[in-house]
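Top line first, the protein sequences correspond to chains A and B.
Here this note's numbering is used: the first residue of the first sequence is 21, the next is one more, and so on.
Here this note's numbering is used: the first residue of the second sequence is 107, the next is one more, and so on.
By construction, these hints were calculated from the structure, which means they are not laboratory data.
Keep in mind that the hints are not guaranteed to be accurate.
[Stated by the list, open to error] Selected chain A positions facing chain B (Cβ under 8 Å, derived; list incomplete):
no. : residue
1   : T31
2   : P33
3   : F42
4   : V54
5   : D55
6   : K64
7   : I66
8   : A77
[As the list claims (entries may be wrong)] Keeping only pairs whose Cα atoms sit at most 30 Å apart, straight-line, the calculated DSBU-like set for lysine-lysine is:
no. : chain 1 : residue 1 : chain 2 : residue 2
9   : B       : K146      : A       : K40
10  : A       : K97       : B       : K239
11  : A       : K39       : A       : K23
12  : A       : K97       : B       : K228
13  : B       : K132      : A       : K62
14  : A       : K64       : B       : K194
15  : A       : K102      : A       : K58
16  : B       : K133      : A       : K39
17  : B       : K228      : A       : K102
18  : B       : K185      : A       : K58
19  : A       : K71       : B       : K125
The C-beta atom is built at its ideal place from N, Cα and C for all residues, glycine as well.
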Amino acid sequence: MKKIMLYALSTCPFCSMAKKYFNNHQIAFDSVDVDLLKEDEKEKTINEVQKISGRRAFPVIVIDDEVIVGYDELQIKEALEK
Amino acid sequence: MTKREKIFCPVCQVNFLLKESKEVGKKIVCPVCGAVLVMKQEGDQWRLNRPTDMSLEEEIRQRMDNFAHLRGYHFNEMKEALVDGLLKKYQRFGDFYCPCRIDNVPENVCPCIYTRQGDVEKNGRCHCGLFWK
C-alpha cells in the first residue's frame, strides 16, 4: 500500500477536492490543514512543505516518494498506479 | 490636452495612469487588479481608498469580476468556494489573501501578483482555480 500525505489549507478548494478524491476512491491517506496548526508546529510544517515542493502554495501531495504540487487527478492516478 | 498622471492603487500597489477626471468620492476601477477604489483629496494630493459603502463580499466579488473582465478570464463552479475562502482569510488575517497560499503578504492579495503577471496565460488558470482562461 502506498503512503500518502496531503498538505492542505482549510480555505483552499483544490485541497478539499484532493481529500474528496482519496475518500471517494477509498484510498487511505494522512492529511494536515497547515493553517490550523499551532504556531510552532505550523512553521515546522511550512518549512517541510517548502523543502519538499519548493513552494509555499497548496495542496502538496506526497505519494511514496513522488511529490505532486497542486491538484492534478491525472498525476495522482499515475503516482498511485506506479 | 489634459496631462495624465499616475495614481497609486492601495490593493495591487501599482501606480497606474488615471484616465478619469478627479472628483472627491468618485468610484473608479484599477486597470491592473480590478479593485473598486474611491477618490479622496488630501491637501493637493489625490489618493485612492478601498470603498467603505459596500460589504466585504460585494467588494471582493466586484474586484474579481472586474479583473476577469479586464483580462478576458472566466470562472467555474469553484468560484463560490473561493469567495468563501477569501472571506475567511479576511476575517482571520485582515485582507483578501489567496486562500491557497500560506503567506498573508501584499503580493498574495487577490488577484495575486502571480496571476497579475500571467500565470493564467501560462497554466490555463491561476493557482487557486479562481480565474480560468
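Now the hints, each set against the structure:
| no. | hint | verdict |
| --- | --- | --- |
| 1 | T31 | 4 Å, holds |
| 2 | P33 | 4 Å, holds |
| 3 | F42 | 18 Å, violated |
| 4 | V54 | 6 Å, holds |
| 5 | D55 | 7 Å, holds |
| 6 | K64 | 13 Å, violated |
| 7 | I66 | 6 Å, holds |
| 8 | A77 | 5 Å, holds |
| 9 | B:K146 x A:K40 | 47 Å, violated |
| 10 | A:K97 x B:K239 | 25 Å, holds |
| 11 | A:K39 x A:K23 | 14 Å, holds |
| 12 | A:K97 x B:K228 | 24 Å, holds |
| 13 | B:K132 x A:K62 | 43 Å, violated |
| 14 | A:K64 x B:K194 | 23 Å, holds |
| 15 | A:K102 x A:K58 | 35 Å, violated |
| 16 | B:K133 x A:K39 | 42 Å, violated |
| 17 | B:K228 x A:K102 | 28 Å, holds |
| 18 | B:K185 x A:K58 | 29 Å, holds |
| 19 | A:K71 x B:K125 | 45 Å, violated |
The structure is inconsistent with the numbered hints 3, 6, 9, 13, 15, 16 and 19, although it conforms to all the rest.
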